[in-house]
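Chains as they are written, first to last, in the numbering used here: chain Y, 1 to 642; chain B, 1 to 642.
No lab work stands behind these hints, which were simulated from the structure alone.
Heads up, a few of these hints could be off.
When chains are identical, the list treats them as one kind, so a pair holds in a single copy or across two.
Stated by the list, open to error - Mimicking DSS-like on lysine-lysine, the simulated pairs with C-alpha atoms at most 30 Å apart in a straight line are: (1) Lys197 - Lys595; (2) Lys605 - Lys197; (3) Lys197 - Lys161; (4) Lys264 - Lys208; (5) Lys605 - Lys161; (6) Lys15 - Lys507; (7) Lys139 - Lys605; (8) Lys208 - Lys269.
Quick caveat, the model's predicted, so the values are computed rather than measured.
Number of protein chains: 2
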Amino acid sequence: MANVIFRFDNGEPVKVSTAVGENLLETARKANVAIDAPCSGNGSCGKCRVKLLSGKLDSRQTRHISSEEYAEGWRLACCSHVAGDVEIMVPDIATAYKSRMKMADLSSPEEIRIFDESKERVEAAGLTMENNIRIVSVKMNPPSLEDTMPDIERLIRALQKETGIQHIRVPYSVLRRLPDVLRSSDFDVQCVISQSKSHVFVYEVAEKNEDLIVGGLAVDIGTTSVAAVVVDMTNGKILAKASTGNAQIRYGADVINRIIESTKPGGQKRLQDAIVSETLNPLIQQMCRAAGISPRHIFRLSVAGNSTMNHLLMGINADPLRMEPYIPAFFKTNSFYAPDIPLNVHPDAHIIMAPNIGSYVGGDITAGTLVSLLWNQPKFSLFIDLGTNGELVFGNSDFMMSCACSAGPAFEGGDISCGMRATDGAIEACTIDRETMEPTFHIIGDEGQKPVGLCGSGIIDVIAELFRCGMISPKGKFIREGKRIKHDAYGMGSYVLAFEEEAEGTKDVEITEVDIDNFIRAKGAIFSAIRTMLKTLDFDISMIEQVYVAGGIGSGINMQNAINIGMFPDIPIEYYHYIGNSSLSGAYAMLLSTKAERKVYELAKNMTYLELSTEPGYMDEFVACCFLPHTDSSLFPSVSQK
Amino acid sequence: MANVIFRFDNGEPVKVSTAVGENLLETARKANVAIDAPCSGNGSCGKCRVKLLSGKLDSRQTRHISSEEYAEGWRLACCSHVAGDVEIMVPDIATAYKSRMKMADLSSPEEIRIFDESKERVEAAGLTMENNIRIVSVKMNPPSLEDTMPDIERLIRALQKETGIQHIRVPYSVLRRLPDVLRSSDFDVQCVISQSKSHVFVYEVAEKNEDLIVGGLAVDIGTTSVAAVVVDMTNGKILAKASTGNAQIRYGADVINRIIESTKPGGQKRLQDAIVSETLNPLIQQMCRAAGISPRHIFRLSVAGNSTMNHLLMGINADPLRMEPYIPAFFKTNSFYAPDIPLNVHPDAHIIMAPNIGSYVGGDITAGTLVSLLWNQPKFSLFIDLGTNGELVFGNSDFMMSCACSAGPAFEGGDISCGMRATDGAIEACTIDRETMEPTFHIIGDEGQKPVGLCGSGIIDVIAELFRCGMISPKGKFIREGKRIKHDAYGMGSYVLAFEEEAEGTKDVEITEVDIDNFIRAKGAIFSAIRTMLKTLDFDISMIEQVYVAGGIGSGINMQNAINIGMFPDIPIEYYHYIGNSSLSGAYAMLLSTKAERKVYELAKNMTYLELSTEPGYMDEFVACCFLPHTDSSLFPSVSQK
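Just chain Y, with the same shape it has in the complex (with noise of 0.2 Å):
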């Protein structure tokens, strides 16, 4: 056995034993130490970066460490074994996953304004905000020795009486805690219902003069990131906010990476343990706290997430979706609680699940095609999730087709060696002098927050506009010189947005020609995505009519540096829409409209799903699409023409 100590920037070293031998990456996660390892610990993304500070520690050298780096203790630690007591600095570039863990308010002016365009819309199409969750008073005549019927016939006949429904049904929830809620109350009781045709369901009752929140919780559950809102069931009032990160992320960037994880021993539990106990919960807690109610009174639930997402959620075996012939354990489900994996809240809340249509199209897609309303228009539109994968719904009125390709977590700055999700100290935004090659960017924070890396946005605007000053070819290599584009020991070339010393971190800003590689196939696989579905349906780019683009990209996205670099078909400009976290505002909208709710049911049994991987052509799509803007610029006339 050898004895490892991981430290930190800040906070308490980790010590823990394992035997000589053992991988270092693993060693971490059994110690619950976070490293960052999108790619699941094949060396391919170059994330987990360690430092060596004393000890022994087998590993080999990657493309991701320059020699300096080497000499200097940098190692990758999935690519690292322990060999006797070592000594482990996990420096915070590595642990940038515990700080988008934070929880943040979703509270960007921009975000909420999108956030109301989306219930708007959703109203408009006649969705009302209508659910069957109401606060009903009740006043009973107390007990005498004359009228001496026990607490839960009093108080089901006031129901009965008031709700002129027979059938009342009182879990034991409320049954627990009746004598002691109608003596205190003096049988002067407010209850939180549900009312169908024939049956109320009683959440709960209180006192009176209580002040009583009917709260309920809608939660976009990414791949990446987990968004929420916490509302007031009765009105649609947003009570509080938050996103953060998707605790599963140590155990792989991507849902393949994941299913894998969920397989070994325990995984199913660990990545169950990793999205409940340790995102949802403390989520839950910290927004009820914000929104001064107790979590007991989140009486209903609603979820939107991909279908790995839901099947890991739910501790439900995730395995077959990735092999063939991918089939998922359920599309959708009507009976599932709180209780049951567990999340802290009303302990009979019922969990609204947005369904899913297929292994790689879930719930997210089709809670976002319902407020996207390509349903409810005749003008055939194009709905594009930018998530760690990339999904596209297309139709309109008449009909819907949906497909899902795997862009890789590119866009949200996975695969890219200064990349990262749009938190601070992001490049959001770029332009570049075609002269000087000197950049000018917008970063993500406070006034004076010097750059860390990239995010999507930042990402499409740099490769934008390096091809726009024919910095670099069509196959992304950089074809001019300057003090900003340098070239590595094996040739590989790369552009300085922000030299070391004038970043945050321990290096360079760059952006290297594997990274711009990754993301034009990345990009690629979006655009042949379209291209391969329109196919199949006898229609041609150019008869969209709206592209609705949504996730978490974010609302800097530039619309027409996506099309220059052949990432977006090439149509008016003023056919596209930015509609922020529709996978949210669908979870929104489900919770509270119950006409929305059947909704998206309705679409999810309307869509068709489109299997790509199966496809033939689609393949030779994608290679086609692997160049700027495209081997065929037929297809971007706007771009050429530039």
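Mind docking chain B on chain Y? Use the hints.
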């Protein structure tokens, strides 16, 4: 602080620190040392005898401890306070309940015979043992690229075809395991379902070849004892039977003391834990092991217990039961599931509860009434359940009235100096020679078992025989002298059944005038309740045509002796039937027979409840009954003739 050491005949000593001045019984409870204290620590029962080995105790001497005993170190734990470091011996007689806690097979041939007879009676009345749980085999086509239906949809469609019912509910517990079971069984499975007219609920999906038993559990929760059977729901076969003590007993022997204890801080939880975690879950585990099935394969439960037991089981405030106007939280509930408390069985197992009809007439009586069949015949019948309380039902196929009287724990050996429950060492039957005044008795247990104490049926016999032999007066005072008749310093007489050297314990097995007085009050409570209830109906005792006696008093009860002491009405002996544990038989019938379940609800609805405590004349009637056999000897003509 003081150090307290509890020592035992067997087992490791228990050490605990406590404040000087702390009550010794409380200290023992906190240290989880079980000391029998049926009166809940008010010094009246004298059961909590412990021996001071060394150190300091502030104790008062009570009538339960003689001067010699006091000198030897004997104390009542409830009347002692820790005065410094102290070492205490907890003798076997005080920990007797521990042995009662031991699981015992309900396997005496007599008990089985009575149980089987009850079952036959119920079936003969048309309540066939049919319920809605069954196993169905389902074979599905495995999925393919052409048939990508999700698992749950595939199962639901197959079950729709199999059952002809559209609405199939697959709960989380099944969905969670579905992908694994379907794939390991090649999509050829068996399902445990419950099926109503319009709904199917899926409890379990298992591989086709698994030896799947559909288990059910019926349990009688008595104030003193708990008895249960595990059955095969598909054929009614009993797979295991067991009984054990109710671990709540350390918080008081009767329901009133339990309720009082439950109102103390944390009391509700303590009493719920005692019955759920300490009594039922171990019982279930042991029975399932004996039956060779997994507790997860218990799919439905049926519980019969008195109103207080039902409330404490559910962790519901029971205080209103004992306070005017005596209001239970519920008579019945149709929304109570195993995880609510939680019982370790199938997570979707429904708990059927025999309905209460009043604060002191509970599910044990409604279930017992079912089994008595008095509702199914024109003869006027009396049903008597002799538990820790006495409950009565009188009626026939046209009407039913019930009432409860607080007989106290005497029938189960409580409030009797040498009283004990009907377990090994209990004198269960006795005759006394009129001339020599020597006793002959039958002791429960193996040959050679020495007497430890007296159980209910033994006490009836001893008192009846003492009275028949002219040894005691109608008031229960000794009026003859003899070597077995003693008088203590206070002049209190007693009859020694076995001198210390003949007995198992540390003192004589005897019956004192205080015991006889206690028992006379208990039997008086029963008889006066019968008289009062009949009076309110304008009935006379001679009009009773059948008597069904149930309860833990034991199959050895001598009905004639019970008549002779004025406990039961003086009607022909052949009218009497002992029907054993009718509460358990009733719970069994409700579990297995949907018709029986409905019948019990119907019986409960149609039964009138008479609140004796507010009935004029009841107290006078009670006082008149506190004689042997009665102040009005004309009520017992056959006794006077002897």
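These are the hints, each one checked on the structure:
When the C-alpha separation of Lys197 and Lys595 is checked against a cutoff of 30 Å, the pair qualifies both within a copy, at 15 Å, and between copies, at 29 Å. Both within a single protomer and between protomers do Lys605 and Lys197 lie at most 30 Å apart by alpha-carbon distance, with minima of 25 Å and 27 Å respectively. In this assembly of identical chains, Lys197 and Lys161 lie within 30 Å of each other by CA distance both inside one copy and across copies; the values are 15 Å within and 28 Å between. Taking the shortest alpha-carbon separations for Lys264 and Lys208, only the inter-copy value of 26 Å comes in at or below 30 Å, while the best intra-copy value is 52 Å.
Taking the closest pair of Cα atoms, Lys605 and Lys161 come within 30 Å of each other only across two copies (21 Å); inside a single copy the shortest separation is 39 Å, beyond that limit. Only within a single protomer do Lys15 and Lys507 lie at most 30 Å apart by alpha-carbon distance; the minimum there is 28 Å, versus 62 Å between protomers. Taking CA atoms no more than 30 Å apart as the test, Lys139 paired with Lys605 passes between copies only; the shortest distance there is 25 Å, against 45 Å inside one copy. Proximity of Lys208 and Lys269 under a CA criterion of 30 Å is satisfied inter-copy only: 27 Å between copies versus 42 Å inside one chain copy.
When the structure is compared with the earlier hints, no violation turns up for any of them.
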